[in-house]
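Assemble the complex: chain Z is given as a structure, and chain Y must be docked to it using the hints.
Spelled out, the chains give:
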Amino acid sequence: MIESTSELLSVLMFLAAFLVLLTGFPVAFGLMGTAVAFAAIGAAIDGFAWPLMSSAGGRLLDLMTNETLVAVPLFIFMGVILERSKIAEDLLITMGQAFGKLRGGLGISVVIVGAILSASTGIVGATVVTMGLISLPAMTRVGYDPRLSSGIICASGTLAQLIPPSTVLILLGVTLQNANTQANLQMGRFGGSTLSIADLFAAAFLPGLLLVGLYVLWIITTAIFRPKSCPAIESTPEELRDLWWRALVAVLPPIALIILVLGSIVTGTATATESSAVGALGACVLAALRGRFHRGLLVEVARSTFFISTMIFAILIGATIFAMVFRGLGGDHVVERFVTDLPGGLTGALLFVLAVIFFLGFLIDTFEIIFIVIPIFAPILIVLGADPILFGVLVAIVLQTSYLTPPFGFAIFYLQGVAKGLPITTIYRGVLPFVGLQLFAVALVWFFPALATWLPEVLL
Amino acid sequence: MRALLIFSSAVDAVVAMIGKILIRAILVVVALGATVVLMRYVFNYGRPWISESFVWLNGIIFMLGTPYLLQRDGHVRVDVIYGQLSTKVRAAIDLLGVTFILWPSSIALGLVSWPNVQRSISVLETSPTMDGLPFLYVLKACLPLFFALLVLQGASIAARSLVLLLGGEVPPRPWETRE
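Heads up: the protein sequence lines correspond to chains Z and Y, in order. Taking the numbering used here, I'd label the letters of the first sequence as residues 9 to 468. Taking the numbering used here, I'd label the letters of the second sequence as residues 17 to 195.
This list has only true hints and no planted wrong ones.
Mimicking SDA-like on lysine to any residue, the simulated pairs with C-alpha atoms at most 25 Å apart in a straight line are: (1) Z:K428 - Y:Y98; (2) Z:K94 - Y:R40; (3) Z:K428 - Z:P414; (4) Z:K428 - Y:T193; (5) Z:K236 - Z:G444.
Simulated from the structure, these hints should not be mistaken for lab results. Since the model is a prediction, treat every value here as computed from it, not as a measurement.
So here's chain Z without its partners, still in its complex pose (with noise of 0.2 Å):
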């Protein structure tokens, strides 16, 4: 499998960079420390042409010149905006408590407000801290089984990363932009299949309503088998005045928002760029008319914004000389036979990889799989006949799947940062459900991709 000793320092590369982020020390610098030091090992035993190196300038100068990647400081932007000004919240309350009525009804309008609140923040930390804070509290005070409440937000917070607009998404929309391209040159045909971030969104959308879907079955038959679980609120008048006049402020905005964003996306009218600039000041401008624009919130919310953006861009920067020093020492090739030879072909090379990315979920955050592990594996399976936009949805499935998994997913530690006194065993009961709908919604994308790819069909 391996046939030269710059093969062999790919592969070594590949340990001693997993080592070196398991110090602890930043993944970004871990990634690109590694890099240049095997860069130089290589080019000490003549494995490695050392001037490849003068092109890592021009990869960064890509990256700070890239027009898809200025959307995610925007979209984060837009997200952080509907957050810091209570839109959100508003959301969550009135329509807590106009669903609230029926058994199980508030777990389903967390799930619904989750969804929306996905599609316009795209950031699972975000999603996840905000129903953590809000909803549980509510869902507790009625008398909700904690590991039905816990288990609903969980899942629901991390839709963020599938349902559009979302920064995972952009990401891994560019990623597979760039592997396709690589494809494509490795095949001789030039003027191949190409590959928007607008497909993906539009790929990804009709999965995302389906994850919905099945969360809001799964509540309604807990409420059927074990309505103790998840009783009905009981209004004051007081609360239920003018409850539909409320729901309907709070929830239409945001939604219009939405619509506007997305739509413009996905008809094509504009870029996901030009639309993410929209959807920013779309956000101050909903922000404004709730009187809760000023200066200070502005600067707070670049503050944030700023932090996020950078902390993923800077990862970006470590993985980029990571895969070029991988790609100069010839590791492609390594990984190429290694998937070639699989049992199983396509479909076993397509469940090796998914297989890859859920295990990797548990250790290191979704922006570095996206950039470590899709610019490795996605061309060859490209090159083997895989739909680049199923993959892509394939892998959001995943990637989500693996941020809910007991015992180091994400979203599970961000719930349990902001609530105090539940217990992580409580999280993890109430969580393996809706791993259960998760790899049930990857089975039925696997086995009708049409839910993917129809959709991009229809609308591109």
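For chain Y alone, coordinates are given in the frame of chain Z:
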């Protein structure tokens, strides 16, 4: 040891000043982005240099912002193990990490990308796009600056970690005590 701490605070102050400017620049990115879209869809007016403006500014922000994030410990760490360790062991990891991982790679990449940057500055290179922004060299100049700031901020962290490991008193940094 006092000298090390003074050096560390001085570097932190410079990097933090850059960071504060960059945070506000995010608002400029949003404003420019919104302007570009409004002009294009409402007034049907678009020019490459305006579109490049917010893309490039975002590039500058995350490049030069990365060292600031290092200072504020805003970068992702795999903390399965790190989270359980004592302050001293963490300081040792940070010191070793800066010395053997951050410094060599930043210096090597900075040196290797320098000739191209120098050429760009000497000819005052402009955007490759027609009617693009006239200062691509500014963007390229961010690369050596990025690596230099990483080396400096790394030195600040290394200095503090060293003092801590030698048993010295390390006062908390200003932003650590503030709420």
